[in-house]
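Asker: Dock chain B against chain A, hints included.
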Amino acid sequence: MSNLRIHEGPATPGPDVSRRSFLRTGAAAVSGMAALAAALSPLRELITNPTISVDQFLQKHYREMSPNEMEAALGRIRAKVEERYKVRPHVRDVKAMDGVEFAYALNLSRCIGCRKCVHACVAENNQSRSPEIQYIRVLEMPRGTMDVEKGNHHYDRPKVPDAAHFYLPVQCHQCANPPCVKVCPVEATWQEPDGITVIDYDWCIGCRYCEAACPYWARRFNFAEPSVASEQINPNMAYLSNRPRDRGVMEKCHFCLHRTREGRMPACLEICPTGARKFGNVLDPASEVFEIIKTKRVFVLKEEVGTLPRFFYYFDERYPNALDPEALAIGERLRREEGELFGAAPGRGGPDLGADMGAVAGATPVRWDGGRA
Amino acid sequence: MRTYLQFLWRCFRLSFVGDRRYYAWMFVLTAFVLLGIHAYSRQLMQGLCTTGMTDQVSWGFYIANFTFLVGMAAAAVMLVIPVYIFKNRELHHLVIFGELFAVAAIVMAMLFVTVDLGRPERFHHLLMKFNFPTSMLTWDVLVLNGYLLLNLHICGYLVYCAYRKRQPGKVFYIPFVFVAIVWAISIHTVTAFLYSGLGGRPFWNSAVVAPRFLASAFSAGPAFLILTLTVLGRFTSYPVAPRAFMTLRVVVAVALSINMFLLGSEAFTEFYTDSAHGASAEYLFLGLHGRWALVPWIWAAVALNMIALVLLYLPVSRNLKVLQAACVMLIVGIWIEKGMGMIVPAFVPTPLGEIVEYLPTLNETLVTLGIWAGGLLIYTILVRVTVPVLEGRLTYDQSFAAATEGVGPVSLPTPESH
Chain A
1 MSNLRIHEGP ATPGPDVSRR SFLRTGAAAV SGMAALAAAL SPLRELITNP
51 TISVDQFLQK HYREMSPNEM EAALGRIRAK VEERYKVRPH VRDVKAMDGV
101 EFAYALNLSR CIGCRKCVHA CVAENNQSRS PEIQYIRVLE MPRGTMDVEK
151 GNHHYDRPKV PDAAHFYLPV QCHQCANPPC VKVCPVEATW QEPDGITVID
201 YDWCIGCRYC EAACPYWARR FNFAEPSVAS EQINPNMAYL SNRPRDRGVM
251 EKCHFCLHRT REGRMPACLE ICPTGARKFG NVLDPASEVF EIIKTKRVFV
301 LKEEVGTLPR FFYYFDERYP NALDPEALAI GERLRREEGE LFGAAPGRGG
351 PDLGADMGAV AGATPVRWDG GRA
Chain B
1 MRTYLQFLWR CFRLSFVGDR RYYAWMFVLT AFVLLGIHAY SRQLMQGLCT
51 TGMTDQVSWG FYIANFTFLV GMAAAAVMLV IPVYIFKNRE LHHLVIFGEL
101 FAVAAIVMAM LFVTVDLGRP ERFHHLLMKF NFPTSMLTWD VLVLNGYLLL
151 NLHICGYLVY CAYRKRQPGK VFYIPFVFVA IVWAISIHTV TAFLYSGLGG
201 RPFWNSAVVA PRFLASAFSA GPAFLILTLT VLGRFTSYPV APRAFMTLRV
251 VVAVALSINM FLLGSEAFTE FYTDSAHGAS AEYLFLGLHG RWALVPWIWA
301 AVALNMIALV LLYLPVSRNL KVLQAACVML IVGIWIEKGM GMIVPAFVPT
351 PLGEIVEYLP TLNETLVTLG IWAGGLLIYT ILVRVTVPVL EGRLTYDQSF
401 AAATEGVGPV SLPTPESH
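Here the protein sequences come in this chain order: A and B.
So the first sequence is numbered by our numbering: it starts at 1 and just counts up by one.
So the second sequence is numbered by our numbering: it starts at 1 and just counts up by one.
Note that these hints are calculated values from the structure, not bench results.
Possibly wrong hints are sitting among the right ones.
Covered by chain B, per the in silico footprint, the following chain A stretches (three or more residues, Cβ under 8 angstroms) [what the hints assert, rightly or not]: (1) 98-105; (2) 138-148; (3) 228-242; (4) 276-283; (5) 312-321.
Straight-line distance between alpha carbons at most 30 angstroms, and here's what the computed BS3-like set of lysine-lysine pairs gives [stated by the list, open to error]: (6) B:Lys129 - A:Lys80; (7) B:Lys129 - A:Lys95; (8) A:Lys116 - A:Lys95; (9) A:Lys60 - A:Lys95; (10) B:Lys165 - B:Lys87; (11) B:Lys129 - A:Lys182; (12) A:Lys60 - B:Lys165; (13) A:Lys294 - A:Lys159.
Bear in mind the structure is a predicted one, so any value in this text is a computation, not a measurement.
Backbone N, C-alpha and C define an ideal beta-carbon position, used for all residues, glycine too.
So here's chain B without its partners, still in its complex pose:
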C-alpha cells in the first residue's frame, strides 16, 4: 500500500518535470483550462443563455464534441484488436497509449455532458432516480463510466507492474482487455442509439447512425494515435516502429472507406426519396429556404475526407509526412461531419417547421477549448509518467531522480482535431 502511494506521489511529481518545450506546452494548456473554467463560471451564474443554443436548436457544440469524443475513446480498440486478437508485434508495446487516450477522451466526453446540463448541482438525482433501462442516457452513463474504469484498471495495472518490476498476471488484465473490446463498441453504439431512437427527429431516426458512428470513430481514433505516436517517437526515447504506422494506416483507410460508403448511403436515401423527411439533410448539404450556415462546413468535411481517403490508398502515404497530413485532414473532416454535421441539422427545421440557425458563442467556445485543453493535459501527464515507467527508469527500487535524468520530455502537438 505504501509503495502504491509512493508510486502515485512520484507520478504526480514527475508530471511537473520536463524541459522548456514541455513547460511551454503545459503552460498553454493550463491557460486554456483556466479560460475555460472562467467561461464555465460565467455560464453557471447566468445560465445556458451564454451559449448559442435556443429552444429551437437545443443541443449544440457541447453535445457535438461529446459525440466525437465518445468515438475517439472507443477507437482505442483499433490498437487492442490487432495486438490481442491478431498478435501484431509492432503495436504490442504501443497499445497502452491508445488505452490512455481512451481515458482522457472519456473524461472529456463526460465533461462535455456536464457543462451542457442546466442544473449540474442536481447530478445526484441521477443516482436516486435512475430511469434505467428506459432512457438511453442512463445506458450511456453506465457504459461510459464502465469503460473509464476498465481502461483505468488495464493501464494502471500494467504500469504499476512495470514500476514494481513484476510480470503482469494475465488473469488480472487479459479478461478485462477482451471485455473492453466489446465495451468500446457498446459505448459508441449506445451513444448512437441516444439519437437514432427519437422518432420525432427524422434526421437521426436512421438505423445507419450506429454503424456510421463506429466507422468514423475507427478512422479518426487511429489517425489521432498515428499523430500521438509520431510525437512519442520524436520527443522520447520510446521505440516506435515505422511498421506500426503502416498497420494503423490500413486500419484508418478501411474504416474511412466504410464511413464514406455509409454517409453516401444515407445521402442517397434522403435525396432520392426526396420526402419531407429529407429537410434536415437538405439544410445540411444544400441549404433550406435561403439558410445555409452548415453548407460550407459539411462540404469542407466531405472534401477533407475524400482527399484523405485518396492519399491513404496511394503509395505516397507510406511517407510519414503525407500520412500525418492525411490524418489531420480526416480528423478535422470527421469532427465536422459527426459533430456539428450530425447534431445541429436534426434541429433544423424544428418539428414544427421553423428554421432557426445555430452558432456557438465565444463563451461556449472557450468552455469547449478549456475541456479539450484539459483532456490533452491529462493525456500528456499520463503519457509523461508512463514512458519512464515502461522503460524501467522509474521503479520502486530506484531513486526518483533516476527517472528524470538525461531524458527528453514527453510532449504532444497542438490539438489538430480542433
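One chain only, chain A, in its complex shape:
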C-alpha cells in the first residue's frame, strides 16, 4: 500500500515538501469546491422553494394511474392552483365518450380574420399571457393562392376583412395519423378514442421532437414559467386539457375536451361571430360536420404528408361572411340559381348549414349533441 501515498509533482522525499504538497493539494481542493459552489449558485432557490414534490415526481403515466392515484393527482393540481392563483378550481379527468369521433369544419368563405377565436381559446385554456402562447394562428392570405408562405401572420388592420384577402385559421388538426405521437420517446402524447391527440403535461420531458414533427406548427413549448393573472384563470379544468401547465413541457389545442366531452362546443366555435366554425361527432349521420364532409368540397392542409387531419376546410360562397356586401350578393345569386336548378334547399334533409347566417357574438351557445348528453 506504500505506493498509494499521494505525490504531487516530482517525488522528492522529505517532510517539508510533503507538508507543502499537502497544503497545496488542500488549497486546490478547497478552491475547486468553492468554484463549483459558485457555479451552482443559481440552484440555491431550489432549497428554499422546491418546485417539485416527491409525490409529483413519482406520479405515473396518465394511462397507468389507478382511480385513486388519479384522484391524488387531481388533488395536487387543485392545491397547486389554489396556492398559485388563489382560485378554487373544478378539476376533473374527463374521459372520451363512446361512439364519438370529433371532426372540425371551417368555412373559409365566412371567416373574417377577427381573431376572436384566438383570444377565446387563450382565455378558456389558461394559456400563458406572458410569454404569450396561442393555439390558433390566423393567416391573412392573398386571394388566389393556398401557399402558406404567401400568408401574413402578423396582419394588423383597423378593420377586417380586407377585400383582397381571405383568412386561414390553423390549429391542431387532431390527425388520424399523427407524426407528433409517433416521434414522442416517452409516450407523453397519444391519440384518444374520440380522435383528440392529448398530452400528459406531467409526463412530457420537453425534448420538443413532436414540435419538430408537426407539419401544421400546432404545438407550443413553455420556454419560460407560464403566467396567468388570478382573475383570468378559468377554474373549469381537466387533467388532459386546460389545467395550468408547468415550464418546460409541450401543450396544444385539444378541441376543448373538458367542454366537448360533455356535449358543449369548443370555445373558438362559440365565440365565432360569423358561424364559420362547425364541430361535431363525425360518426353521427345527423350531425352538421357529417353533412358538411359529405356534401361540401372539403379539403385538408398538406394532404400529401399523409397525416389524415380531422380538421377540414371548405369554401362555401352561398354562405359568405356577412360583412362583405359583394360576397353576400354572390351568395344570394348562387342560392337562387341552385333553387332554380334543383328546386330544393341544400342539405337535402340534413341540418340547414346556413341557419346561423349572420350569427353574432353572444348568441346562445349551441351543443354539438343537440342537448342529448
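Answerer: Below, chain B without anything else, positioned relative to chain A:
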C-alpha cells in the same frame, strides 16, 4: 478486484499529475466547465427561455452540436477499419486514441441532448415508457449507449491488460471491435433518420441525409484525430509514425470528396426543381424575403471545405503543417454545415410559412462551451493515463512514482473545431 480498484485509483491520481502546460490546459478547461455549469444552473431555474430557441425554431445550437458530435464519435471506425480489416501497421497502436475520443464524443453528445430537455428531472420516464421501436429518439438512446459501452469495454480491456502485463485475449475484444464497426455506422444513421423521417420538414425529408452525415463524419473525425496525434507526438514519448498521417490524409480526402458530392446533389435537387420544398435551402444559401442570417456561414463552410479539399489532393499537404491547416478548416466547415446549417434551416420558414431567425444567446453559448470543455477534459485525462500504461511505465508491479518520472505531459490543442 483489488488490483482493478488500485488501477482505477492510480488512473485518477495520474490525471492530476503533469507539468505547467498540462496544468494550464486543465485549468482553462475546468474554468469553462464551471462557467458552463453556472449557465446551465441558470437555464434550469429560468427555463429554456435563456436560449435563443422559440416555438418557430425549436431546436438550435445544442442539437446542432449533438449531431456533429455523434458523427465525430462514429468516425473512430475510420481508424479501426484500416487496422482490423486492412491490417494497417502504422495505425495499429494509435487506434485506441480514436476509440477513446469516441467515448468523449458520445458523452458530449449525450450531454447536449440532456441540456436541451425542458424537464431533465423526468429522465426516468424514458425507462418507464420507452416508445420503441416507433420513436427514432428511442433508437438513438439505445445505439448511443451501446456504442459508449462497446468503446469503454474495448479501451478499458486493452489498457487494463497492458497494466497487468497480460496479452489481451482476442476473444474478449476482437468480436466487440467488429460489432463496434457496424455500430458506429448505425449511430450516425439513426441520428440522420431522426431528421429525415419527418414528412413535415422538407429540408430534412431527404434520403441523402444519412449518407451525407456519414461522409462528413468520416472526414471531420479522422481530421480531428490527425490533430490529436500531432499533439500526442509532440508532447509525449509515444511513437507516432509520419506514415500514419498519410493514411489518414487519404481517408479524410476521400470522405470529404463524397461529402461535397452529396451536398452538391442535395443543392441541385432543391434549386433546379425550384419548388416550394426548396424554401429552407433558399434561406440557407441565398436568404429568403430579406432574411439571411445563415448565408455568410454556409458559404464560409463551403469555402473552407473546398480549400481543404484542394489542399488534401495536392502534394503540398504531405507537409504536416499544411495537412493540419486543412484539417482545421474542414472541421470548422463541417461543424457549420451539419450543425447550424443542417438543423436551423429546417425550421425556417415554419410549416406555416413564418420566418423567424435564430441566434444562440450568451447563456446557451456558455453551456455549449462548457460541454465541449468537459469533453476535452475527459479526453485529455483518458489519453493522459493511457499513454504511460501502454508504454509500460504504469503497471501493477511498479510503484506509482515510476509512471510520472521523466515524462513529458500529455496535452491537447485548443478546440479548433469550435
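Asker: Now look at each hint and say whether the structure bears it out.
Answerer: So, going through the hints one by one against the coordinates:
Counting residues of the segment 98-105 of chain A whose CB lies closer than 8 angstroms to any CB of chain B gives 0, which falls below the minimum of 3, so the coverage claim is violated. Counting residues of the segment 138-148 of chain A whose beta carbon lies closer than 8 angstroms to any beta carbon of chain B gives 3, which meets the minimum of three for the stated coverage. Counting residues of the segment 228-242 of chain A whose CB lies closer than 8 angstroms to any CB of chain B gives 0, so the stated coverage by that chain is violated, three being the minimum. With 0 residues carrying a beta carbon less than 8 angstroms from a beta carbon of chain B, the segment 276-283 of chain A misses the three-residue requirement, and the given coverage is violated.
Coverage of a stretch by a chain is defined here by at least three residues with a beta carbon nearer than 8 angstroms to that chain's beta carbons; for the segment 312-321 of chain A and chain B the count is 0, and the condition is violated. A distance of roughly 26 angstroms separates the Cα atoms of Lys129 of chain B and Lys80 of chain A; the hinted pair therefore holds under the 30 angstroms criterion. The suggested pairing of Lys129 of chain B with Lys95 of chain A holds, with an alpha-carbon distance near 21 angstroms, which does not exceed 30 angstroms. As the CA atoms of Lys116 of chain A and Lys95 of chain A are separated by approximately 28 angstroms, the hinted pair is consistent with the 30 angstroms bound.
Distance hint between Lys60 of chain A and Lys95 of chain A is fulfilled; the C-alpha atoms sit about 17 angstroms from each other, no more than 30 angstroms. For the suggested pair Lys165 of chain B and Lys87 of chain B, the alpha carbons sit about 24 angstroms apart, so the restraint of at most 30 angstroms is met. Proposed proximity of Lys129 of chain B and Lys182 of chain A is supported: the alpha carbons are some 13 angstroms apart, at most 30 angstroms. Between the alpha carbons of Lys60 of chain A and Lys165 of chain B the distance comes to roughly 51 angstroms, so the proposed pair goes past 30 angstroms and is violated.
The hinted pair formed by Lys294 of chain A and Lys159 of chain A fails the criterion: a straight-line CA distance of about 34 angstroms is larger than 30 angstroms.
Hint compliance for this structure: hints 1, 3, 4, 5, 12 and 13 are broken, all remaining hints hold.
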